[in-house]
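Colleague: The whole structure should be built from the sequences, with the hints applied where relevant.
So the protein lines, in turn, are chains A and B.
Residue numbering for the first sequence follows this note's numbering, starting at 1 and increasing by one per position.
Residue numbering for the second sequence follows this note's numbering, starting at 74 and increasing by one per position.
These are computed hints drawn from the structure, not numbers from a lab.
Glycine included, each C-beta is placed from N, C-alpha and C at the ideal position.
It is possible that some hints are incorrect.
To be verified - One-sided and incomplete, this derived list gives chain B residues near chain A with beta-carbon spacing under 10 Å:
1) 117
2) 148
3) 169
4) 199
5) 200
6) 207
7) 237
8) 255
9) 310
10) 312
Unchecked claim - Sample of chain A residues with no beta-carbon within 12 Å of chain B, all distances over it, derived:
11) 9
12) 11
13) 13
14) 14
15) 39
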Amino acid sequence: MADHPQAPSRAKQIGTVFLKTVMHITYYFLVTPVGLVARVLSQEPLNPKFDETLSSYRSPSRKLSMERLFKTY
Amino acid sequence: MTYVIGISALYHDSAAALLKDGQIVAAAQEERFSRKRHDSRFPNNAIKYCLEAAGITLHEVRAVVFYEKPIAKFGRLLRTYLAYAPIGVESFASAMPRWLAGKLQTKRMIRKKLLAFVDGHERDLPELLFTEHHQSHAASAYYASPFKQAAVLCLDGVGEWATTSVWLGSGSTLEPLWQMNFPHSLGLLYSAFTYYTGFKVDSGEYKLMGLAPYGRPIYKEKILTHLIDVKEDGTFRMDMSYFNYMTGLTMTNAKFDDLFGAPPRPPESPISQREMDLAASIQVVTEEIVLRLARTIHRETNEKYLCLAGGVALNCVANGRLCREGPFSDVWIQPAAGDAGAALGAAYVGWHDYFGGDREIAPNARDAMQGSYLGPEYSEAQVKATLDALGAAYVTLDEDQIMSETATLLEQEKVIGWFQGRMEFGPRALGARSIIGNPQSATMQSVMNQKIKFRESFRPFAPSVLAEKVSQWFDLDTVSPYMLFVAPVTKGQRQTDNGEDHSLLGIDRLKALRSNIPAVTHVDYSARVQTVDENSNQRYYRLISEFEKLTGCPILVNTSFNVRGEPIVESPEDAYRCFMRTNLDFLVVGNCLLDKRNQPAWKEAANWRNEFALD
Chain A
1 MADHPQAPSR AKQIGTVFLK TVMHITYYFL VTPVGLVARV LSQEPLNPKF DETLSSYRSP
61 SRKLSMERLF KTY
Chain B
74 MTYVIGISAL YHDSAAALLK DGQIVAAAQE ERFSRKRHDS RFPNNAIKYC LEAAGITLHE
134 VRAVVFYEKP IAKFGRLLRT YLAYAPIGVE SFASAMPRWL AGKLQTKRMI RKKLLAFVDG
194 HERDLPELLF TEHHQSHAAS AYYASPFKQA AVLCLDGVGE WATTSVWLGS GSTLEPLWQM
254 NFPHSLGLLY SAFTYYTGFK VDSGEYKLMG LAPYGRPIYK EKILTHLIDV KEDGTFRMDM
314 SYFNYMTGLT MTNAKFDDLF GAPPRPPESP ISQREMDLAA SIQVVTEEIV LRLARTIHRE
374 TNEKYLCLAG GVALNCVANG RLCREGPFSD VWIQPAAGDA GAALGAAYVG WHDYFGGDRE
434 IAPNARDAMQ GSYLGPEYSE AQVKATLDAL GAAYVTLDED QIMSETATLL EQEKVIGWFQ
494 GRMEFGPRAL GARSIIGNPQ SATMQSVMNQ KIKFRESFRP FAPSVLAEKV SQWFDLDTVS
554 PYMLFVAPVT KGQRQTDNGE DHSLLGIDRL KALRSNIPAV THVDYSARVQ TVDENSNQRY
614 YRLISEFEKL TGCPILVNTS FNVRGEPIVE SPEDAYRCFM RTNLDFLVVG NCLLDKRNQP
674 AWKEAANWRN EFALD
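Modeller: Structure representation (structure tokens):
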């Protein structure tokens with residue numbers, strides 16, 4: 001196999017198809033149900049409509065601290 | 074002595090910046106070394122350059138600061154998919170493998186990359202810190218500014234969550250006040266129109282800005298009614314049902330197409346009046362939001378000065394209006410306002426927030442950026458060695474001769490590659506890696522666009538003007554050393570009786586001779602001005618002065634030294650290559666003058682234009 005010039009690209013193609021399939025399954029069978037439940041329970045939707053009753057769309061900023069500099073989140 | 078390195082990477086425009094006791098030593102974008110435009114890879118070359126510029130190794134660096142928080146960014150991505158699932162599977166399948174394979178391991182990856190700089194010794198690694206994306210932008214704007222106290226506004230696409238943020242800088246502290254969050258983003262709204270009008274997102278935004286003066290803002294009300302709700306204080310919310318960037322592989326969707334009556338313009342297809350009108354419309358909306366935000370910030374903070382950063386801060390037309398119509402006494406904009414500049418901001422956060430370093434503002438300096446000439450430079454011996462190795466034919470002149478000879482060539486309307494001193498940090502060429510020409514020439518704009526830069530004919534060029542003469546030529550009452558403000562050509566320099574056919578629309582409007590400096594006068598009489606003073610770039614100042622002696626005009630056309638899709642040249646070798654590939658007439662590198670007619674034939678095995686993806 002190692003001598004076959006097309007082997008790496010074919011293996012890569014198979015890997016890509018496999019990965020895509022896994023991602024699709026994950027999305028439909030894990031992300032979607034969790035997302036649906038989260039949307040039902042959420043008080044703060046990500047895509048709210050225009051709101052004429054609000055005077056501003058701003059949000060408060062999070063306080064910064066030196067400890068947070070070590071964190072990646 | 075405390076050295077801190079800031080890095081930005083893994084999205085676009087990777088860069089590194091080095092501070093020594095809070096002062097900038099060096100900063101550069103990775104693309105200049107790798108020759109890949111907007112290179113997002115870890116900035117190995119830029120870090121190496123920064124260390125060399127300081128004459129140190131990574132052992133002596135106390136901290137490396139990454140410009141954002143990768144896990145927080147991943148959290149935003151995940152929450153977006155949860156909000157839209159089952160829509161968005163293609164985007165999920167495309168993005169997740171990249172995150173799982175590497176981006177989630179950013180901390181480990183950075184450590185691994187840095188290990189190569191300390192011979193693999195873990196114990197020699199500096200502290201690794203992570204700022205927030207907008208914190209990096211805000212720090213790059215405030216700490217590098219000349220102000221002891223100022224309000225700061227950051228506007229970009231998105232970092233972790235923030236898309237717009239307001240800060241208050243005072244002494245060596247920078248405090249967040251409020252923000253707006255993803256998906257409501259002025260940067261992404263502008264990018265959506267960039268995509269819809271057929272330009273490349275994260276790259277073609279400045280083309281859209283350049284296209285706007287050809288159009289009429291006839292879609293403004295449509296945008297404000299359907300796409301975005303703007304409050305009196307400038308904060309806004311977008312109707313996401315028109316956009317696809319949340320979960321799709323495009324920026325806009327079919328509903329957006331229906332609203333504007335057509336699908337997106339295919340890239341590289343002819344540009345119609347419709348695209349120009351769309352550009353004009355989104356430009357006006359952007360300007361009005363920026364102005365409203367500025368007025369709100371001024372009212373709430375009562376500060377005299379404003380600092381700006383984030384990609385939207387590169388919109389120099391909006392910046393020009395902010396200067397002319399805004400409430401602040403002065404506005405300072407980080408010249409590397411995009412993500413590259415966030416590397417500098419990250420380093421500043423390390424110095425001030427982690428090491429508790431003081432902020433010192435040099436009394437006579439305009440700001441801390443040293444003219445933004447923070448990149449590599451080459452000695453005369455290095456230049457000559459390179460030119461000799463390339464077999465180039467050149468003459469070496471003394472400084473007086475090179476100035477007078479170059480000015481004479483410019484007067485004769487020759488187009489010249491100008492390579493001098495330290496390379497610029499940020500997206501603009503400011504007279505260190507520039508292509509320069511005669512602004513009085515009626516044909517210069519089309520020659521430079523089509524025969525030298527190989528780019529779209531509608532795009533304007535910027536003027537470099539002697540700072541003390543700026544008000545004679547442009548309605549600008551501030552300095553603009555970083556080419557970040559657009560200002561109108563003064564009425565006295567305009568040619569109104571030029572036989573212009575006012576019924577002409579679009580690109581045809583280019584045909585009219587609008588001013589005494591037509592090569593840098595846009596169709597609406599505006600110009601993206603760079604003021605040049607003796608302190609920040611002595612050689613460039615001298616050249617423009619010599620040109621003025623010959624022509625009475627203290628202005629040169631200045632565009633970046635590259636062709637379309639290519640990063641700006643970094644080394645003499647890059648400069649010579651670009652010189653030989655294009656229709657540039659002369660090249661000046663340091664004191665070496667190269668005439669194209671004397672050069673040996675240039676041979677390349679492959680079509681070099683395939684090297685660069687169109688931007």
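Colleague: Run every hint past the structure and note whether it holds.
Modeller: To see whether the hints hold, each was checked on the structure:
no. : hint : verdict
1   : 117  : violated, 21 Å
2   : 148  : holds, 7 Å
3   : 169  : holds, 6 Å
4   : 199  : violated, 13 Å
5   : 200  : holds, 8 Å
6   : 207  : holds, 9 Å
7   : 237  : holds, 9 Å
8   : 255  : holds, 8 Å
9   : 310  : holds, 5 Å
10  : 312  : holds, 7 Å
11  : 9    : holds, 17 Å
12  : 11   : holds, 16 Å
13  : 13   : holds, 14 Å
14  : 14   : holds, 14 Å
15  : 39   : violated, 7 Å
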